[in-house]
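*Asks:* The chain contents come next:
Number of protein chains: 2
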Amino acid sequence: MANYFSFRNLKFLLYEVFDAEKLTQYEHYRDHDRQSFDMILETAKQIADNILYPIYREMDEKEPDLVSGKVAVHQGIGKYLKAMGEAGMIGATYSYEVGGGQVPATVYSLASFILSAANNAASMYTGLSSGAARLIINFGNQEQKDLYVPKMLSGEWQGTMALTEPQAGSSLSDVSASAKPLGEGKYLIKGQKVFISAGEHDQAENIIHLLLARIEGAPAGIKGISLFIVPKYRIENGSFQPNGVVAGGIYHKMGQKGTPAMHLMLGDNNDCIGYLVGEPHQGLKYMFQMMNEARLGVGLMSAAIATTAYYHALQYANERPQGRRLNEKDQKTTPQTKIINHPDVRRMLLFQKAVAEGSLSLLMECSRYFDLAEVSAGEEKAKYQMLLDLLTPIAKTFPSEYGIKAVSEAMQVFGGYGYCKDFPIEQLYRDIRITTIYEGTSAIQSQDLLGRKVTMQNGAALMALMQEISQTLQEATTYENLKKYAETLQKELGRMQQVLQKLIPFAMQGNYERFLADANLFMEMAGLVVVAWQWLKQAVVAQKQLLTQSLAESDVAFYESKIQTMRYFFAYELPKTKWLATRLLDDEVITIVEAKAEWIV
Amino acid sequence: MANYFSFRNLKFLLYEVFDAEKLTQYEHYRDHDRQSFDMILETAKQIADNILYPIYREMDEKEPDLVSGKVAVHQGIGKYLKAMGEAGMIGATYSYEVGGGQVPATVYSLASFILSAANNAASMYTGLSSGAARLIINFGNQEQKDLYVPKMLSGEWQGTMALTEPQAGSSLSDVSASAKPLGEGKYLIKGQKVFISAGEHDQAENIIHLLLARIEGAPAGIKGISLFIVPKYRIENGSFQPNGVVAGGIYHKMGQKGTPAMHLMLGDNNDCIGYLVGEPHQGLKYMFQMMNEARLGVGLMSAAIATTAYYHALQYANERPQGRRLNEKDQKTTPQTKIINHPDVRRMLLFQKAVAEGSLSLLMECSRYFDLAEVSAGEEKAKYQMLLDLLTPIAKTFPSEYGIKAVSEAMQVFGGYGYCKDFPIEQLYRDIRITTIYEGTSAIQSQDLLGRKVTMQNGAALMALMQEISQTLQEATTYENLKKYAETLQKELGRMQQVLQKLIPFAMQGNYERFLADANLFMEMAGLVVVAWQWLKQAVVAQKQLLTQSLAESDVAFYESKIQTMRYFFAYELPKTKWLATRLLDDEVITIVEAKAEWIV
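These protein sequence lines are chains A and B, in that order.
Residues in the first sequence are numbered from 1 upward in steps of one, following UniProt numbering.
Residues in the second sequence are numbered from 1 upward in steps of one, following UniProt numbering.
Don't read these hints as lab results, they were simulated from the structure.
Here a beta-carbon is modelled for each residue, glycine too, at the ideal position from N, C-alpha and C.
Treat the hints with care, as some may be off.
Chain A regions said to be covered by chain B (calculated; three or more residues, Cβ under 8 Å) [to be verified]:
no., region
1, 327 to 333
2, 344 to 350
3, 555 to 569
Pairs of lysine to aspartate or glutamate, DMTMM-like flavour, derived with a Cα cap of 20 Å [stated by the list, open to error]:
no., chain 1, residue 1, chain 2, residue 2
4, B, 544, B, 19
5, B, 338, A, 513
6, A, 62, B, 268
7, B, 491, A, 586
8, B, 180, B, 268
9, A, 223, B, 268
10, B, 223, A, 328
11, B, 82, B, 42
12, B, 332, A, 165
Among the chain B residues that face chain A by a calculated CB cut under 10 Å, a handful are [to be verified]:
no., residue
13, 174
14, 190
15, 221
16, 375
17, 404
18, 405
19, 426
20, 429
21, 447
22, 460
23, 521
24, 572
Kindly generate the complete structure, drawing on both the sequences and the hints.
*Replies:* Here you go:
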């Protein structure tokens, strides 16, 4: 079994950096302890090692196709869904009353991470079921919960998100699938949905689409969209009845080929029934819950793919001899050195490690806020929710944008071999490319961050984040060797404030286009700053351990490498903010279309 | 036929920016004129449109395989080789006496660009034949020239470069294929070569490998390597005789699938004869000529792929409605706008245009130096050769590194559709990824730039480049609206000097590892500066036209878009030097292995 992630790093984050055991003090998590947490990770690792990792290449090579309306996917998916269901892993975070295990997201996110690291295409199936089930749990009625949730959590039924339409794409307000009331919460659904992942396959008995549509006569725009359960088979008198959901096409993707992306046609023969979830016209609000979860899921998947690629590259660099070190006097007869000893290869590896582990740390921070919001109340709850809302677009975008670059650097470490099917790098390179598109492109995330999150409640979320970061800065300054980095990060916070002072007035003037024109650059800046924060946070813990504990040699190496990677991030990556701020503070307008402009020939 | 490049832009560069007609004043090019140049481009376009572009997707979908030692590639390759041979396009730049057309490289590089834009995998075949033929022309004896060159230039025989070995990769000094003298310039060859593009296929009668091997008893290292012609079939008494070159394996690549990359086994049965080219032990020196040409070829191919992707993205952005402009008051009922009107999409398109056209301009500059070195003598010749040598690693690395990002942005413009096989973007994304690896990775190029080229002859090449850039700065300052950009670029030259003053002392101290540890970052900085120079150069010409000519509307749009793209590059890309310089001037050493370091767990 190849080494595709580090258990040591997961436990470092879980117990040393984010102190997950503390969560067990809360009533909601009282049945858990370190042992049960470990068991969840071990379960994930077993499923990953035994079922997922071995079929990763096969799922890509034997890409499923649509034949007579059916899609036969790899049979390992059936085994996987069954194993996950039996282990209680699909609904692990849900409450006992709906069959969940009340596992903290902080722990569960690492289980998801392991599954994605082993086989990102396969992990999509359960991630989608889990998210779809949560929508029903939170907003469905009792009958819906009883009918759908247990089957979805057992892995027998597949869940999906059915949002995107051909003419709407990122613009959800233009969703046009229609729903005609039939009474008793039933609606006749008509429309098309595209890019529906796991939207049709043969390894689940039924597929439950959580679908957005517009009830006849509903207001235009986002306030007229409702949420429906649309099963592939509806249950009538206890038996399966085809429900007018037709797989009209399958997308052949560059990567993640093992997860079919479907084009679905609904109700062409007036035979598709949807069941309203919650109140009419509240669909987008409900769906945003699933989307936010899914966004964190995409971030996590990106970090996982980057991690797998990193471990492959690391192993190769440790084994492959090539050339001599540049200071070697005798270039002719000295044996070749391992490529890991070349500074440039080391730089590429440090980049990958910094991205993969920095991203994961940021996602753990989000999970922690999620858990704390779950168990707290009042102002405290609001604070954690706000922090989570603010960080979510960043925690989707940084891992995906930088993850793509990290996997590219992993390929570069392999040279020509990395470009060939001899190693899994080329598949990882293809797979990860979707992540800046899934669940809202980077542009959508960036507009969400700058246009909504940063400014919400008069910047209260940003203030709360600054306080969180300040706490890390204080801790860091107590260590002589970390002081310098704390000062650097402090300055970066100032730089970000400066940029916001430049940009926010445009919003106040109602010039949103100018305000958000370079939102993607602001996003990159924010990503670099919060990931630098996560690295400093990890370095503080590592430094503490190095000073106070008597450690095994391997632990010393582990903690030193954490500090080394933090140093890398501050030296090579964080200074990109200088470039970004230069642009963001510049008055020259370039990308906004003026009336006369007839550009680009 | 899709629009995959702009003829208007090629002619702008050829005649307006680089004034190719001036070359016809030289004796060597005296038979040419604008008409003959145009005809060469038209010929390339016809072959590209009629033969190459239509089979671009097919060559990828029907990937060739190795069956019983043979590789059947797309039959279009045979047609292509024939058409190119008949049109005199393979050896167009060579002298009349060897059957060439004495076409300036400045013109020919655009013909290659057109072919690569249509089908980068196919264009590899002729590029390799052309480069291999040049080696024989320049260093082979008359018999070799007579036997091989005409067949290679007619497209009947395929040429290859056979350098890489399994244990050597980038480290050519470790080449170990052996050559045992048989007398009369013949040698018994034994060894293995890997990643040999077009190393075996069925659309050429014969394949002529230009191969590096070590004559028995030769000195170790790079000074013991010789160059051989190793044909697939040797000619004995006028008939083909198998020559012990066995296709032992084929690499299945992520992209450029239409060009088989072969693992070749030579002389396993003592039956492989190689013919020494030139003097013994001079092989690497000879091969470097081909490699330098090939490096520019890879740069050109990268610019071409980025261009094709850009035109696809541009067309999509002009057709696809999605969302509303952010300043639109009525978001509900206003019809959707074309995505090209969103600032972020426009930013991504400008990035692609800036990279594609800026790279091509840099490559044209290199071709011009190549031509001027060809026709001049003495100090002038030396100057142009020096400029070419200095720019070659940059002109390979910037287009490939930034080209990969540009195609990724093209995919992002398409959203989910770009990730699917419905559009050619995903293939372009896979194809272009090889370019930072081919012909020396970016790390190798960067060490060449900083470690050799910048410092050669006490920095004379860099001085010469500064003078060239200064000339553009002077011209730019005569236009009020370009002054600001000239000043910015002037400052950037100072920044680069500052970085060199920091780094060169390490080389003087013999600490090459420290000197070159961040050579890749210096490379990126140098790339940004010289491409900014190319953009300013283009803007000067565009501005001159806008002020002095009475222009058609489409020309006004063309020139304005050149100035707009220059502004984009200076505002968004060039400021990256601030980040790069911050790191390059930093004293913190991070990537150099110390004795104790047992890093990365």
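*Asks:* Determine for every hint whether it applies to the structure shown.
*Replies:* Consistency of the hints with the structure:
no.	hint	verdict
1	327 to 333	holds (count 4)
2	344 to 350	holds (count 6)
3	555 to 569	holds (count 7)
4	B:544 - B:19	15 Å, holds
5	B:338 - A:513	15 Å, holds
6	A:62 - B:268	36 Å, violated
7	B:491 - A:586	17 Å, holds
8	B:180 - B:268	13 Å, holds
9	A:223 - B:268	74 Å, violated
10	B:223 - A:328	18 Å, holds
11	B:82 - B:42	17 Å, holds
12	B:332 - A:165	17 Å, holds
13	174	6 Å, holds
14	190	21 Å, violated
15	221	4 Å, holds
16	375	34 Å, violated
17	404	7 Å, holds
18	405	9 Å, holds
19	426	4 Å, holds
20	429	7 Å, holds
21	447	8 Å, holds
22	460	23 Å, violated
23	521	8 Å, holds
24	572	6 Å, holds
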